[in-house]
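There are 2 protein chains.
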Amino acid sequence: MNVLTSTPVVAKRVFVLAMTVGLLISSPSTSQPQRAQETAPVTTYPAQLSADLRKLQEAALSSDYAYRQLAHLTDSIGPRLSGSPQAAAAVEYIAKEMRRLGLEVKLEKLSVPHWVRGEETAALVRYPGQAEGTTQKIILTALGGSVPTAPDGLNAEVVVVNNFDELKALGRDKVAGKIVLFNARFDRQMAAEGFGGEAYGQAVAYRSGGASAAARLGAVAALNRSAGGAEFRLPHTGALRYPDDAPKIPAAAVTAEDGDLIARLAALGTVRMQLLLTPKQLPDAESYNVIADFKGSEHPEQIIIVSGHLDSWDLGTGAIDDGAGVVIAMQTVQLLKQLHLRPKRTIRFIAWMNEENGVVGGRTYAKDHAGEIANHFAAIESDRGAGHPLGFEVKGRPEVLPLLQPMSAILQTSGAGLLQITTGTETDISPLGTAGVPSFGLWQDTRTYFDYHHTAADTLDKVVPRELAENAAAMAVLAYTLANLPQPLPR
Amino acid sequence: MNVLTSTPVVAKRVFVLAMTVGLLISSPSTSQPQRAQETAPVTTYPAQLSADLRKLQEAALSSDYAYRQLAHLTDSIGPRLSGSPQAAAAVEYIAKEMRRLGLEVKLEKLSVPHWVRGEETAALVRYPGQAEGTTQKIILTALGGSVPTAPDGLNAEVVVVNNFDELKALGRDKVAGKIVLFNARFDRQMAAEGFGGEAYGQAVAYRSGGASAAARLGAVAALNRSAGGAEFRLPHTGALRYPDDAPKIPAAAVTAEDGDLIARLAALGTVRMQLLLTPKQLPDAESYNVIADFKGSEHPEQIIIVSGHLDSWDLGTGAIDDGAGVVIAMQTVQLLKQLHLRPKRTIRFIAWMNEENGVVGGRTYAKDHAGEIANHFAAIESDRGAGHPLGFEVKGRPEVLPLLQPMSAILQTSGAGLLQITTGTETDISPLGTAGVPSFGLWQDTRTYFDYHHTAADTLDKVVPRELAENAAAMAVLAYTLANLPQPLPR
Numbered sequence: 001m002n003v004l005t006s007t008p009v010v011a012k013r014v015f016v017l018a019m020t021v022g023l024l025i026s027s028p029s030t031s032q033p034q035r036a037q038e039t040a041p042v043t044t045y046p047a048q049l050s051a052d053l054r055k056l057q058e059a060a061l062s063s064d065y066a067y068r069q070l071a072h073l074t075d076s077i078g079p080r081l082s083g084s085p086q087a088a089a090a091v092e093y094i095a096k097e098m099r100r101l102g103l104e105v106k107l108e109k110l111s112v113p114h115w116v117r118g119e120e121t122a123a124l125v126r127y128p129g130q131a132e133g134t135t136q137k138i139i140l141t142a143l144g145g146s147v148p149t150a151p152d153g154l155n156a157e158v159v160v161v162n163n164f165d166e167l168k169a170l171g172r173d174k175v176a177g178k179i180v181l182f183n184a185r186f187d188r189q190m191a192a193e194g195f196g197g198e199a200y201g202q203a204v205a206y207r208s209g210g211a212s213a214a215a216r217l218g219a220v221a222a223l224n225r226s227a228g229g230a231e232f233r234l235p236h237t238g239a240l241r242y243p244d245d246a247p248k249i250p251a252a253a254v255t256a257e258d259g260d261l262i263a264r265l266a267a268l269g270t271v272r273m274q275l276l277l278t279p280k281q282l283p284d285a286e287s288y289n290v291i292a293d294f295k296g297s298e299h300p301e302q303i304i305i306v307s308g309h310l311d312s313w314d315l316g317t318g319a320i321d322d323g324a325g326v327v328i329a330m331q332t333v334q335l336l337k338q339l340h341l342r343p344k345r346t347i348r349f350i351a352w353m354n355e356e357n358g359v360v361g362g363r364t365y366a367k368d369h370a371g372e373i374a375n376h377f378a379a380i381e382s383d384r385g386a387g388h389p390l391g392f393e394v395k396g397r398p399e400v401l402p403l404l405q406p407m408s409a410i411l412q413t414s415g416a417g418l419l420q421i422t423t424g425t426e427t428d429i430s431p432l433g434t435a436g437v438p439s440f441g442l443w444q445d446t447r448t449y450f451d452y453h454h455t456a457a458d459t460l461d462k463v464v465p466r467e468l469a470e471n472a473a474a475m476a477v478l479a480y481t482l483a484n485l486p487q488p489l490p491r
Numbered sequence: 001m002n003v004l005t006s007t008p009v010v011a012k013r014v015f016v017l018a019m020t021v022g023l024l025i026s027s028p029s030t031s032q033p034q035r036a037q038e039t040a041p042v043t044t045y046p047a048q049l050s051a052d053l054r055k056l057q058e059a060a061l062s063s064d065y066a067y068r069q070l071a072h073l074t075d076s077i078g079p080r081l082s083g084s085p086q087a088a089a090a091v092e093y094i095a096k097e098m099r100r101l102g103l104e105v106k107l108e109k110l111s112v113p114h115w116v117r118g119e120e121t122a123a124l125v126r127y128p129g130q131a132e133g134t135t136q137k138i139i140l141t142a143l144g145g146s147v148p149t150a151p152d153g154l155n156a157e158v159v160v161v162n163n164f165d166e167l168k169a170l171g172r173d174k175v176a177g178k179i180v181l182f183n184a185r186f187d188r189q190m191a192a193e194g195f196g197g198e199a200y201g202q203a204v205a206y207r208s209g210g211a212s213a214a215a216r217l218g219a220v221a222a223l224n225r226s227a228g229g230a231e232f233r234l235p236h237t238g239a240l241r242y243p244d245d246a247p248k249i250p251a252a253a254v255t256a257e258d259g260d261l262i263a264r265l266a267a268l269g270t271v272r273m274q275l276l277l278t279p280k281q282l283p284d285a286e287s288y289n290v291i292a293d294f295k296g297s298e299h300p301e302q303i304i305i306v307s308g309h310l311d312s313w314d315l316g317t318g319a320i321d322d323g324a325g326v327v328i329a330m331q332t333v334q335l336l337k338q339l340h341l342r343p344k345r346t347i348r349f350i351a352w353m354n355e356e357n358g359v360v361g362g363r364t365y366a367k368d369h370a371g372e373i374a375n376h377f378a379a380i381e382s383d384r385g386a387g388h389p390l391g392f393e394v395k396g397r398p399e400v401l402p403l404l405q406p407m408s409a410i411l412q413t414s415g416a417g418l419l420q421i422t423t424g425t426e427t428d429i430s431p432l433g434t435a436g437v438p439s440f441g442l443w444q445d446t447r448t449y450f451d452y453h454h455t456a457a458d459t460l461d462k463v464v465p466r467e468l469a470e471n472a473a474a475m476a477v478l479a480y481t482l483a484n485l486p487q488p489l490p491r
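Chains A and B, in that order, give the protein sequences. Take the first sequence: its position 240, counted from the start at 1, is 240 in this note's numbering, and no numbers get skipped. Take the second sequence: its position 209, counted from the start at 1, is 209 in this note's numbering, and no numbers get skipped.
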């Protein structure tokens with residue numbers, strides 16, 4: 001996930017998550033989610049539907065399909081940043097696999113940003129206590145979309161601030177011509193307690209908005225302390241925003257350790273840095289949302305979307321963000337085929353393109369399909385990793401919850417029975433949610449997610465096969481429920 | 001620490017450590033170490049000595065001297081690999097600081113290896129499922145002392161083995177012309193339970209001996225899965241051995257994730273790698289052990305060494321390995337000055353050079369001072385990080401323990417009261433121990449040590465100031481006890 005578009009929502013959601021994780025852990029025998037219970041009366045499903053949902057759940061939990069697909073996406077295809085050959089290969093692969101499963105596949109064309117990482121090196125070249133002939137290496141990574149430095153880099157003093165107020169207090173006199181380091185700490189304790197989204201939301205403000213805030217005061221480059229949980233000298237990339245009212249200056253994330261180092265030295269005296277970043281913003285590239293329909297038997301015009309985003313950052317192989325979401329959604333349609341189940345409404349698989357640095361896929365889809373919004377019965381996306389699922393968060397009317405209570409009761413047998421109304425939803429389906437489509441975010445335990453998110457360490461080994469299968473079960477059961485629900489969803 | 005010279009010893013020590021950590025945790029009221037109790041009768045110390053030891057302990061625990069010294073060594077001076085300008089600056093700085101404290105300083109000249117890291121890049125260029133025009137980046141770091149590849153790198157198939165038996169089973173036919181990856185896992189569970197040294201000992205065999213074992217079968221390069229605990233795409237460097245009977249081939253450590261990736265792909269089919277390593281072995285450099293004597297009042301000819309090693313690997317700033325050991329030893333003499341305590345025997349501070357890749361400092365000292373071994377009353381070194389100290393491990397006669405029991409009782413009030421006979425000791429003082437000098441290794445909790453050891457993440461933030469002070473207290477109290485012990489130590 002990126003958080004340029006959804007910070008407050010993620011923060012709020014994960015706050016609730018932490019409370020409910022605690023609830024589940026302390027009362028493992030609780031079989032019904034609190035919120036669904038509150039909104040009685042309870043619906044009952046046709047016996048065949050309930051039986052089919054249990055079969056789907058069981059088949060998902062004993063399948064390694066999602067994991068095998070994820071291994072291919074990450075190990076063989078690799079990082080999938082928009083515009084890259086790997087992203088193109090992933091589009092082609094997913095389309096082929098969906099066709100192999102017997103689905104109708106459409107590639108809906110997009111024009112996506114094509115930013116390519118270059119060299120990225122930095123060293124402190126002047127600092128208190130420095131020994132003759134030495135420098136201190138700084139480990140950093142360019143933020144996605146950053147403009148480059150001059151080809152031979154730039155050399156400037158570094159000023160350290162912990163927040164926007166401190167930047168403002170410094171003022172133009174002390175910022176102009178300098179490199180600004182936003183050294184805001186990611187709150188690891190908060191994340192360990194289950195509030196990862198909230199901790200991320202706090203830290204990411206400096207990644208997304210720091211460069212422009214610094215540039216408005218004349219800074220020549222901006223650095224942010226990595227917005228992430230682990231401290232293993234691991235920089236976390238991510239997108240930044242360049243609003244029109246500020247000069248575009250180069251921006252990079254330093255590791256937590258390097259943020260500390262610079263701050264300690266700057267507290268003792270003047271610190272100068274030599275910084276080289278040579279990313280390139282190439283012309284926009286042609287790419288695609290991969291769309292595959294499993295046609296409904298009774299209401300083929302009514303659509304339930306199952307989805308994840310196919311693009312990833314370039315440093316790791318995009319296993320948890322968001323290869324996992326894509327393969328979880330793939331497994332929904334694979335299981336229907338395997339079990340010979342035909343939904344009454346159409347289940348539409350979508351692998352979104354360009355969630356990370358533009359959301360072109362999600363926005364274009366909503367625009368291109370604006371005339372069919374009424375036929376979009378619901379949209380589901382998974383974009384919070386592959387940790388144990390707790391249930392779903394719902395952007396929609398509270399009256400939706402009791403209709404789904406029997407489904408939640410089934411998912412609760414694998415620990416995924418929570419349903420919770422929220423005000424936002426996953427990035428790619430957010431435009432649909434805003435247009436009134438009931439939208440469901442798969443709700444994972446994210447306690448370690450922000451340790452790896454947007455780093456070189458977002459790799460297949462971070463995914464526990466059993467947890468991935470639990471997620472696949474949750475999405476398949478919800479999607480099939482929605483596709484076969486006797487009544488429409490209130491909206 | 002490096003483990004080319006002391007693997008089995010470290011493994012055994014940490015096994016004992018784990019047991020005793022468990023003992024302490026489960027019985028926090030136990031005030032005497034088990035082994036010391038077993039070897040009654042108990043010595044008593046003169047009242048003045050006991051009072052002075054308590055003052056030393058208290059002063060150390062309330063001092064930030066060691067931490068401030070460590071901040072300078074790591075933040076301002078930086079990585080201190082033998083032969084580097086930073087190592088030279090560190091020698092100069094420590095000598096100056098010891099003179100400032102009023103000690104007699106001698107720089108004892110050494111000729112040390114001067115190996116310099118170069119470019120290090122790798123990518124898989126052929127593998128199952130590969131998409132056209134793509135490669136998979138591999139993160140690795142050259143092992144210290146590695147020879148380079150050709151200037152434009154090498155391109156070869158990778159074969160994966162988990163141990164030396166599997167390599168042998170492949171034989172020359174399947175190894176010649178290939179890159180061998182030793183993918184032996186570091187046992188993280190074992191480390192988390194306190195057996196880090198044992199886990200490291202198992203894994204490091206492939207780092208130190210893998211290249212030559214592979215080269216004997218015609219391999220063109222060797223890779224080892226990083227010998228360390230954390231999985232954040234973080235490679236762990238360290239020294240390798242090139243025995244005379246094998247060709248020297250380039251060698252590097254891949255991260256745990258990259259080891260996994262290569263192994264998974266190789267299980268599916270042929271994997272080829274493009275590997276570039278351009279380190280240089282420069283002519284040996286002149287360097288020094290820094291030696292500073294605090295002369296004894298009654299037996300100035302009798303010497304107690306307090307020490308750590310000043311050199312470090314080049315990826316991080318050498319905070320836990322072993323800047324911590326140096327500043328812990330510095331604080332012993334600083335505290336004696338601060339408290340106006342004069343030892344009866346001479347306390348000799350030594351900052352050893354070149355522990356990591358040659359042990360030239362420790363070996364040269366033992367050789368140059370061979371005629372004075374009888375006057376070396378005891379030697380102490382700290383080289384297992386800066387975690388909470390549990391006590392000391394002793395290479396010496398069991399009769400030593402009861403003589404130190406009153407000292408242990410004092411240290412036990414800060415949790416560092418264990419004394420344990422072992423068969424080996426820290427690397428730099430090992431030649432003295434072999435020559436019969438009673439030798440003491442400061443015995444830290446190493447449960448996270450191997451996560452950071454020999455990586456870019458060995459930085460100041462990994463050191464907890466309170467724990468560093470506990471270590472300084474332990475070394476000062478032991479050193480002053482030995483310097484004032486009424487009787488000689490059995491040897």
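These are calculated hints, taken from the structure and not from any lab test. It is possible that part of the hints are untrue.
Footprint (simulated), chain B over chain A, 3 or more residues, beta carbon under 8 Å [as the list claims (entries may be wrong)]:
no.: 1; segment: 232-239
no.: 2; segment: 254-260
no.: 3; segment: 358-370
no.: 4; segment: 454-465
Backbone N, C-alpha and C define an ideal beta-carbon position, used for all residues, glycine too.
Hint check results:
1. For the segment 232-239 of chain A, the proposed coverage by chain B is satisfied: 3 residues have a C-beta within less than 8 Å of a C-beta in that chain, meeting the threshold of three.
2. Restraint check on the segment 254-260 of chain A versus chain B: 3 residues with Cβ-Cβ distances below 8 Å, three needed, restraint holds.
3. By the rule of at least three residues with a Cβ nearer than 8 Å to a Cβ of chain B, the coverage given for the segment 358-370 of chain A is violated, with 0 such residues.
4. With 6 residues having a beta carbon nearer than 8 Å to a beta carbon of chain B, the segment 454-465 of chain A meets the requirement of three or more and the stated coverage holds.
Checked against the numbered hints above, the structure violates only hint 3.
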